[in-house]
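Student: Here full-length UniProt numbering is used: the first residue of the sequence shown is 1, the next is one more, and so on.
I should point out that these hints are in silico values taken from the structure, not numbers from a laboratory. In this text the structure is predicted, and so the values were computed from the model without any measurement. There could be a bad hint or two in this list.
Claimed, not checked - Dumping the calculated DSSO-like pairs for lysine-lysine here, alpha-carbon to alpha-carbon at most 30 Å:
1. K153 / K118
2. K153 / K130
3. K64 / K153
4. K130 / K118
5. K130 / K64
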Amino acid sequence: MSPNSGDTSRKFEVRRMKITILFIVLLPALISAYTAGDICNMVPETGDCDEILYRWYYDSGDSKCNIFEYSGCGGNDNNFVTRVMCEDACSGKRPITFETERICDQASDIGLCQEINKRWYYDADVQMCKLFQYSGCAGNDNNFDTRQECMAKCSGYLRSN
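Produce the entire structure from the sequences given, and follow the hints as far as they go.
Tutor: This is the structure we're talking about:
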């Protein structure tokens, strides 16, 4: 046995141990990425029930999360309660920007004119879009033509206290 054979054997064992540790550390991330990739490539399915729930799905063609109507049961796993959950699972991006926070945290504001227009605003306290009457001028940016537009901008926004 040569004097260097022990060193070579030890180096080999250390290298093998490093590779094993690296594999053990990376395996959960690889499995998670593979699973998320499968879910995120699914076409959204509305399901089999009669409810109308607004949910989020990842559109792999557009590389972004979009809103869709979910029936309340059935469907597939490309179905997220909030845009944040969808983006965390499929794109890793957080949608809450300074602009989103500024808009979605504002109270409803009827404005200064005399018209009566049905509009939607995001109520950050209950984390949902609600109808309100808008006068037609002034007010603020938390003012949307449709519930879907309101949800697309603010769904998943959580007020930081």
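Student: It remains to establish, for every hint, whether it holds in the given structure.
Tutor: Against the structure, the hints come out as follows:
Our distance criterion of 30 Å between C-alpha atoms is met by K153 and K118, whose separation comes to about 18 Å. With a C-alpha separation of about 13 Å, the suggested pairing of K153 with K130 holds against the 30 Å cut-off. The suggested pairing of K64 with K153 holds, with an alpha-carbon distance near 13 Å, which does not exceed 30 Å. For a cut-off of 30 Å, the pair hint linking K130 to K118 stands: about 10 Å separates their Cα positions.
At roughly 25 Å between alpha-carbon atoms, K130 and K64 fall within 30 Å of each other, so this suggested pair holds.
Hint compliance for this structure: no hint is broken.
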